[in-house]
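*Asks:* From first to last, the protein sequence lines are chains S and Y. In this text, residue positions in the first sequence follow the working numbering: the first is 388, and each later residue adds one. In this text, residue positions in the second sequence follow the working numbering: the first is 388, and each later residue adds one.
Incorrect hints may appear among the rest.
Copies of the same chain look alike in the list, so a pair counts if it fits in one copy or across any two.
In silico lysine to aspartate or glutamate, DMTMM-like type, Cα no more than 25 Å apart, as pairs [as the list claims (entries may be wrong)]:
| id | residue 1 | residue 2 |
| --- | --- | --- |
| 1 | K713 | E635 |
| 2 | K713 | E691 |
| 3 | K713 | E404 |
| 4 | K713 | E698 |
| 5 | K713 | E683 |
| 6 | K713 | D674 |
| 7 | K713 | E654 |
Derived by calculation from the structure, the hints in this document are not laboratory data. These numbers come from a predicted model, not from an experiment.
Number of protein chains: 2
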Amino acid sequence: MGEATLDPIARATELAESAVRGDRRALARLLTAVENRTPVAEAAMRQLYPRAGRAHTVGITGPPGAGKSTLVAAIIGELRAASRPVAVIAVDPSSPITGGALLGDRVRMQSYAEDPDVFIRSMAARGHAGGLASTSGAAAALLDAVGFDTVLVETVGTGQSEVEIAAAADTTVVLEAPEMGDEVQAIKAGLLEVADIVVVNKADRPGAQRTAAQLRAMLVAAPAAAGSTERPRPKRPQVLLATATTGEGVPELLAALDRRRSAPDDESRRAARLARAEAQVWAIVGDRLRARLLAEGDGTGTRELLAAVAEHRLDPFSAADELIGKAVGT
Amino acid sequence: MGEATLDPIARATELAESAVRGDRRALARLLTAVENRTPVAEAAMRQLYPRAGRAHTVGITGPPGAGKSTLVAAIIGELRAASRPVAVIAVDPSSPITGGALLGDRVRMQSYAEDPDVFIRSMAARGHAGGLASTSGAAAALLDAVGFDTVLVETVGTGQSEVEIAAAADTTVVLEAPEMGDEVQAIKAGLLEVADIVVVNKADRPGAQRTAAQLRAMLVAAPAAAGSTERPRPKRPQVLLATATTGEGVPELLAALDRRRSAPDDESRRAARLARAEAQVWAIVGDRLRARLLAEGDGTGTRELLAAVAEHRLDPFSAADELIGKAVGT
Chain S
388 MGEATLDPIA RATELAESAV RGDRRALARL LTAVENRTPV AEAAMRQLYP RAGRAHTVGI
448 TGPPGAGKST LVAAIIGELR AASRPVAVIA VDPSSPITGG ALLGDRVRMQ SYAEDPDVFI
508 RSMAARGHAG GLASTSGAAA ALLDAVGFDT VLVETVGTGQ SEVEIAAAAD TTVVLEAPEM
568 GDEVQAIKAG LLEVADIVVV NKADRPGAQR TAAQLRAMLV AAPAAAGSTE RPRPKRPQVL
628 LATATTGEGV PELLAALDRR RSAPDDESRR AARLARAEAQ VWAIVGDRLR ARLLAEGDGT
688 GTRELLAAVA EHRLDPFSAA DELIGKAVGT
Chain Y
388 MGEATLDPIA RATELAESAV RGDRRALARL LTAVENRTPV AEAAMRQLYP RAGRAHTVGI
448 TGPPGAGKST LVAAIIGELR AASRPVAVIA VDPSSPITGG ALLGDRVRMQ SYAEDPDVFI
508 RSMAARGHAG GLASTSGAAA ALLDAVGFDT VLVETVGTGQ SEVEIAAAAD TTVVLEAPEM
568 GDEVQAIKAG LLEVADIVVV NKADRPGAQR TAAQLRAMLV AAPAAAGSTE RPRPKRPQVL
628 LATATTGEGV PELLAALDRR RSAPDDESRR AARLARAEAQ VWAIVGDRLR ARLLAEGDGT
688 GTRELLAAVA EHRLDPFSAA DELIGKAVGT
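Generate the whole structure from the sequences, applying the supplied hints.
*Replies:* Right, here's the structure in full:
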């Protein structure tokens, strides 16, 4: 209603004002705009972004089967019991085939359909690499701006983008289940270094205490191994036990999150905020530059350069230099 | 030896010439340079990239536990039995903690340590989003340039970046095991739409035939659901059965790969080549632009803009516009 007749800025203003007043349909529309990178999204972000910065964003990641969705549901329950509002972004690398939303989210949404202080949203990858990080960062900022003071960012996949997204939250929770398979153990190592808190879920299963003990031992040993200058220095995450299905250990997790939230800013949180900002800014810079290059002279020259690289008639560095020369001047 | 005394171009020329002559140590050094995005990598790519374009790159992906590594080993065995050279890039989102290489690769490398026509390399993510796609694309081009006519790109994670990398191969093989858990099924949907060939592995297990039948039914039904204009039109992948541990079904998979290879170029292969080229070119454009902006006036202005976004004093679109203005002029 009105979408077609209003210009993007007026439309964005209308939606942003409604969303701030608590209109969840307006919020949902803004998030769709963000996902599709429309001009309405840009105008809304310009208006709402400065209102954000107060929420605690919590990244939740872990190998498939560790129980992420169940833990997220338990955290929602615990926050709601304390009358605290909560928004969830489920980052889902899936596809047009599933419609970009997992069945589990729809089920979870249903149980909070009547509760205006719970907002759950799946976000799928669109467009080029890095799209997911900038989109989920923008979505988190919107949810923050309209007043959700906890924003959970659950990543479904366990790839580079997903780990980066979880790591760019104020606090990153990595979930692990006792006695998972070999391959998962290997992936875990990539996850552990971004963790602020490690939760060993399914604590009622045999081996949970042993898994927790192993993790604590690994995590104490870890700092010595990290000579890398490219990544922030390894954290020393807290290791907690929980059983998401029964809620056991969830109050302790929430207490740990609140302690981190009220603690003075540390380097890892400043780095996370900067990472979120950079992901968004560089994605926009890239989008703008590509748009400019693809618009210039109908984009023919740019497309020809890319085709020449695809056909190995030109190397990618020479093509990049030519494109930068065209856009920037040299 | 000589690294410190030669300039990057001379060093790259030396390594490139050695690598083309079959020197695997020189090739390994070039790949390290590519991974670290050094000036030697740039110079070597400028020289070697135009020699590439003949190899068949095959992306292999699938959920953890589907048996990707075992299938890759079986494909290597089959190719070597036919005296065909093969290179493998194992894209691994893991970390300094594991050293960026999976134990499994080291084991597999061992069994081909004496065979100069098998080259296996793990590549980890470095730096910003999209890094993995451009790095693995550059690595595939190098392996192609020095004469490997089959380059397998195995992605370990199942995130956005990894799916994009697998999808950017000439042929994308998605592996599936019978009766995997619910969450994996959901991830699978994101994988299926990029598949040219789906392999149901562990065909000796109960349920394999049923899984294959289900997949065939799904894949026939899929095209109707895809109204997206952003992605290439859905493929109609072939569904094969295999048991990677025994090698059963692997000759049929290889025959399917060879059929695709010798078939006239289709739209999906042209799109994949263009995607590989674009990933590399835009990553280089982004790197160059960031470097330029971070060098300008010591980078203070750029870092201040990014900090202002991190602290929500400025929205990311305004920051991006200012940065583009600085780099490009408006």
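*Asks:* Return the numbers of the hints above that this structure violates; sort them in rising order.
*Replies:* Failing hints, ascending: 1, 3, 7.
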